[in-house]
Amino acid sequence: MKTNFKNLFALALSEGIEQLQIQYSKVDRLSFQYFKGEIDSYKASTGAGLLVTGLYQGKICCYSTEKFDKEDFPSIVAALKEGATYKSEVSKVGLYEGAKRYRKKKLPASDLGLHEASEKIAIAKKLAEQALAYDPRIEETVQVIYGEAQREEAFENWKGLKLKETSSSCYYGIDVPAREGDVTKDAFNIEMGRRFDELKLDDLAVRTAKEVLAKFGATSIKSGNYPTVIKNDVFSSLIPYFISAASAERLKRKTTFLLDKLGTKVASSKITISEKPLEPTLSYYYHDDEGYPAVTKDIVKRGVLNTYLYNRELAAEMGKETTGNGSIGVGKIGINFNNIFVKPGKKTFDEMISPIKKGVYITDIQGLGTGMNDTSGDFSCQAEGFLIEDGKLTKPLTLITLGGNLVDMLTNVKDLDNNLSKEGSDAYVPDVYVKKMAIGGI
Amino acid sequence: MLSKNIAIMVLNAALSSGGDYAEIYIEETKSLNLVYQENKVDGITRSHLYGAGIRILLGTSSVYGYTNDVSRKGLLKLAENLAARYSEERKITVTALKKGKVPTVNRIEDHLDEAPLEEKIAMLRSGSDAAFATDPRIINVRAGWYESRKTIALYVAEGETAYFYPTEEERGRFSVFATARDGDKVEGGSEAPGMSQGWNYFKTNIDPKAIGEKAAKQAITLLSARECPSGRFAVVIGNGWGGVLFHEACGHSLEASATSRHLSVFSDSIGEQIASPIVSAVDDGTLPGEWGSNNIDTEGVETKRNMLIKDGICVGFLVDRLSGRRIGMEPNGTSRRQSYAYEPTSRMNNTYILPGKDKKEDIIADTKLGIYVTGFNGGSVNPTTGEFNFTASEAYAIRDGKIAEPLKGCTLIGSGKEVLMNIDRVGDDLNLGQGNCGAASGSIPVNVGQPTIRLSSITVGGRGGETL
Chain A
613 MKTNFKNLFA LALSEGIEQL QIQYSKVDRL SFQYFKGEID SYKASTGAGL
663 LVTGLYQGKI CCYSTEKFDK EDFPSIVAAL KEGATYKSEV SKVGLYEGAK
713 RYRKKKLPAS DLGLHEASEK IAIAKKLAEQ ALAYDPRIEE TVQVIYGEAQ
763 REEAFENWKG LKLKETSSSC YYGIDVPARE GDVTKDAFNI EMGRRFDELK
813 LDDLAVRTAK EVLAKFGATS IKSGNYPTVI KNDVFSSLIP YFISAASAER
863 LKRKTTFLLD KLGTKVASSK ITISEKPLEP TLSYYYHDDE GYPAVTKDIV
913 KRGVLNTYLY NRELAAEMGK ETTGNGSIGV GKIGINFNNI FVKPGKKTFD
963 EMISPIKKGV YITDIQGLGT GMNDTSGDFS CQAEGFLIED GKLTKPLTLI
1013 TLGGNLVDML TNVKDLDNNL SKEGSDAYVP DVYVKKMAIG GI
Chain B
19 MLSKNIAIMV LNAALSSGGD YAEIYIEETK SLNLVYQENK VDGITRSHLY
69 GAGIRILLGT SSVYGYTNDV SRKGLLKLAE NLAARYSEER KITVTALKKG
119 KVPTVNRIED HLDEAPLEEK IAMLRSGSDA AFATDPRIIN VRAGWYESRK
169 TIALYVAEGE TAYFYPTEEE RGRFSVFATA RDGDKVEGGS EAPGMSQGWN
219 YFKTNIDPKA IGEKAAKQAI TLLSARECPS GRFAVVIGNG WGGVLFHEAC
269 GHSLEASATS RHLSVFSDSI GEQIASPIVS AVDDGTLPGE WGSNNIDTEG
319 VETKRNMLIK DGICVGFLVD RLSGRRIGME PNGTSRRQSY AYEPTSRMNN
369 TYILPGKDKK EDIIADTKLG IYVTGFNGGS VNPTTGEFNF TASEAYAIRD
419 GKIAEPLKGC TLIGSGKEVL MNIDRVGDDL NLGQGNCGAA SGSIPVNVGQ
469 PTIRLSSITV GGRGGETL
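Taken in sequence, the protein lines are chains A and B. So the first sequence is numbered by the numbering used here: it starts at 613 and just counts up by one. So the second sequence is numbered by the numbering used here: it starts at 19 and just counts up by one.
Calculated directly from the structure, the hints in this document are not laboratory data. Incorrect hints may appear among the rest.
As the list claims (entries may be wrong) - Simulated pairs of lysine-lysine, DSS-like, Cα-Cα distance not exceeding 25 angstroms:
no.	chain 1	residue 1	chain 2	residue 2
1	A	K1026	A	K1047
2	A	K638	B	K435
3	B	K95	A	K682
4	A	K679	B	K203
5	A	K682	B	K91
6	B	K435	A	K864
7	B	K58	A	K682
8	A	K864	B	K168
9	B	K435	A	K834
Stated by the list, open to error - Not close to chain B: a few residues of chain A, all C-beta gaps over 10 angstroms, as computed:
no.	residue
10	A656
11	F685
12	S781
13	G785
14	D787
15	N801
16	R807
17	L813
18	K877
19	T919
20	D990
21	P1008
Idealized CB from N, CA, C, for every residue including glycine.
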C-alpha cells in the first residue's frame, strides 16, 4: 500500500471528527476470452479505492473515493462532515475500537504469478477444443473465459488498529452452444478457486457439452404443483434472499417476512443454515466492516430461526450482541453476510430422488433478480430442468417457471443430499427435494 | 484532461505493437446518494470515481485495461503493458490531435450538484409523507435521490490525427419504495423517475407527492392481490415500462456484440421478418434530456435514432466499433460502458416500440380473458437461445373486456422469436420508463418504452393454480 493515511487521520481528528476508520482495497485483474481460435478480448487492470467512515457530532458518515492522494484529504474530511450534518440520528455506539485478538485462517499463498499467461491461454484453447470435439452439434462459437484477481485489503482506525489481508482468486468459464435443426441451446459452467493449481478442469468442457446436448428435445409441462428437486447451484442463489430477511435492519422496520419469528419454525427440521466466515472458501472473512472479529453462528437450527443478523448499532438498540455482520451501506453501517452453509444430508442425488414418482428437477433459473419479492419472500422465475419419473431423470424441460415462497419452500423440504455446491457459489448448499412447488408451463 | 503531448505520447505507446485503433477514456464521476427513511435523513454518501481505461484494437480483437493512476507515468505504463499483447509492426503514428464533434443532446445548465441539499431532502420528505398518508397499512417508506455527474475526456486514434472528445453525462433519479403490511402479509411498491436534466427540471416536473402515492398504492393493491395463475394466456402489456418486454425479448439479441459473433437468434436476420407486421421499433440516443440519452457514445460516435424493426422486418443492429468490424457495419452511437473500468460494447440507449393506431381501452375491451400487466420489475435474456423472462410488479385479470381483480407474482417467459410474432395489437399511447440495464459493459441507464400492446398468447408463471 503506497498511500500513508496517517495524515488523513490527523487532519480529520483536528477538524473535529471524533472517530475515523478507513478501508483500502487494491485489486489487480487479468482476464481474457478465447473465441474461434483466438484471444478476441484481453484485459489487464489495477484499481484501488478507499472507503472512509467517521463519527462527527456523534453521527456516522461515509465517503468512498478513488482519489485519495494527500491533496484530496481536505475534501474527504469536508464530505464526511457534510454527510453527518444533515443526519439527525446520533450513534449509540460510535465506531469500533478494535478487538484484542482476531482469529484468522492462513490462506494458501497465491500461485497466479507462477503460471505464465501463455499457459493460461493454452488451457483455454484446450477446453474449447475438447468441447468442439465432443459432438458435431456443438457450434464453433464456443467461448472460454479466464479471469484472475489479486486483492490487497487494509482496515485502519483512529485507535491505531491495522488489519490486513491479501487474497487471490481465479476461474475458467465455458459457454457451449449447440444446434440441432432450428433449435439452439447453450450451457455454461464455471470453475473457481483461490489457486490456479486447484482448479478442477479435467471434465469441465465435456461436462458442459453433455449438459447442452441433454437439452435437445426439451418441452414444456402442464402447469401445476409438482414434487421439485432443486439443483445445488440454483438453491444456492435462493438462500441469500432468505438470509437477508434475517437482517436486524429489516426487523427494526418490520419489512421482513421473518418478523417475530425468532425461536419459531421457519423451515423443515432438516434445515440448518449457518454462517461460517472462517471457512477458507472464496467468501472467507475474519472481520466485518466495523473491524469486529468474525462470528460463526447458526441462523436457522433444525428449522428454527436461531438469530437475526446484527451490527453493533442495531445490537445496542435491540439489546443484543453484534453478530459481526456490519457492512458499510449508504452513509451508514448496515448489515451483510458471507460464507453461508446449508447442512447437507447423507444420501446421494440418485438415492434422494428415487422415491419421486413424478416430479421436476430444476437445473437452472433465470430472472430471480426481478422475480423475487424480497419483502414477502414470494418468487417466480424462468426455469429449465428435467422431468423425474419413477425416481429417474427422463425428459428435458424448457421455458417453464418455478414459483414459490422462501418460507414455504424451506418448510416443505423433504430431503437434502450430500452434494454441496462448488467453490464460488452464493452459498454452500446441497441439492434439495421440496414436497411441492408451483411449476408453470402450458 | 491530458495535455496534447501526453495524449499523443500515450496513444502512440498503445499503437506501438501494431494496433490499428487506440483510445483513452478518462473519467471523473462525482455522485450523491441520499436516503430518507423513518421520517429522517437516513444516509448521505458522496462517492468519487476517477480513472482511465485504454483500449487497443487489432482487426477483430481487443485489449483493454484500466488504472486509477491517471498521471503521465501511470497511463504510459498501462499503454505499454497492454501493447505487449501484440507483436506486429507499428501501423499508425499519431502526429496531431484535434477536437472531435460533440453535439449537445442533453443541455444542462443548472447542474444537480450545485442545487442545495435542503431542496433535495424536502423533495424526499414530501414523497415519504405522501406515501405514509395514503394508507395506515404503509409501515415503511424509503425515499431516495441519486445524482451523478461524469466528466469524460475521450481520445481516439485511428490514423495520424487523433480526436479529443470532451463530454459530460449527468443524471438524477428520485425514488420511493413503500412497504405495506397487513398481519403476516408484507408487500412493496415503488416508483422511480429519472432524467438527464438539471435541478429545475426535477423541481418543476417531478411531483414527489404523486410518486409517493403511486408507490404506496401499488404496495396496498398487492396486499389484496391473488396469486397469478400459470399457463398460456392473452396478455395486455401497459405502456412505458412495459417496453422491458421488447428490451429483453429482442433488444439484447440485436446488439452487434452478439449478432456479429453468431451468438444471437437474430444474427442473420437483417431483411427478415422477425416480428408481427404491426411492430416497428427504434433505439434513439438523441432524445433530449432522457435517461438513456447521451451526446456521444463512449467511442466518440454521435448518438443516433436507429431503426431496428420496420413493419416487422429486421432492419438494423446496435453496432459498436469492434463488432462493426466483424460484420462490415458502421458504428451507430450505441457503444456504452458503466465506467472506465469496463470495455465498451454495443448497448441500448432509449429503445421502444413505435405507436400504432389502437386505443388502449379498445385493446382491453376486445380481450375476453387475459392478464393486464401495468407494473414491471425487469427481466433477463439469453441472446444465444432467445429465451427471456420478465416479471410484473402490478397486474390484473381481464374478464369479458374489463379490468378485474389484482394479481401478484406474475412472470412472463418465452422466446424472442415467438413473442414478437404474437403481438396482435399496438396502441397509440407511447411512453418511456427508466431502468438500469446490466450486461458485459456494466450497469447503464436506459429507457425502455412502448405503447399498450397485446400478446395473443404467452406463458405466464405464478403460484395461483391453473385457472384465471
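Tested hints:
1. A:K1026 <-> A:K1047: 6 angstroms, holds
2. A:K638 <-> B:K435: With a Cα-Cα distance of about 44 angstroms, the restraint between K638 (chain A) and K435 (chain B) is violated, given a limit of 25 angstroms.
3. B:K95 <-> A:K682: 22 angstroms, holds
4. A:K679 <-> B:K203: 46 angstroms, violated
5. A:K682 <-> B:K91: Status holds; Cα separation ~18 angstroms.
6. B:K435 <-> A:K864: Violated: K435 (chain B) and K864 (chain A) sit about 47 angstroms apart, past 25 angstroms.
7. B:K58 <-> A:K682: Between K58 (chain B) and K682 (chain A) the Cα gap is close to 34 angstroms, so the pair fails against 25 angstroms, i.e. violated.
8. A:K864 <-> B:K168: 36 angstroms, violated
9. B:K435 <-> A:K834: 22 angstroms, holds
10. A656: For A656 (chain A), whose nearest Cβ neighbour in chain B is about 5 angstroms away, the distance does not exceed 10 angstroms, so it is violated.
11. F685: Label holds. Min Cβ-Cβ 13 angstroms, cutoff 10 angstroms.
12. S781: Holds, because the least Cβ-Cβ distance between S781 (chain A) and chain B comes to about 17 angstroms, which exceeds 10 angstroms.
13. G785: G785 (chain A) clear of chain B: closest Cβ-Cβ about 13 angstroms, beyond 10 angstroms.
14. D787: 8 angstroms, violated
15. N801: At roughly 15 angstroms from the nearest Cβ of chain B, N801 (chain A) sits farther out than 10 angstroms, so the non-interface label holds.
16. R807: 24 angstroms, holds
17. L813: Holds, since 23 angstroms exceeds 10 angstroms.
18. K877: Consistent with the label, K877 (chain A) stays out of reach of chain B, its closest Cβ about 14 angstroms off (over 10 angstroms).
19. T919: At about 21 angstroms from chain B, T919 (chain A) clears the 10 angstroms cut-off, so the statement holds.
20. D990: Its Cβ does come within 10 angstroms of chain B, the nearest being 5 angstroms, so this is violated.
21. P1008: 13 angstroms, holds
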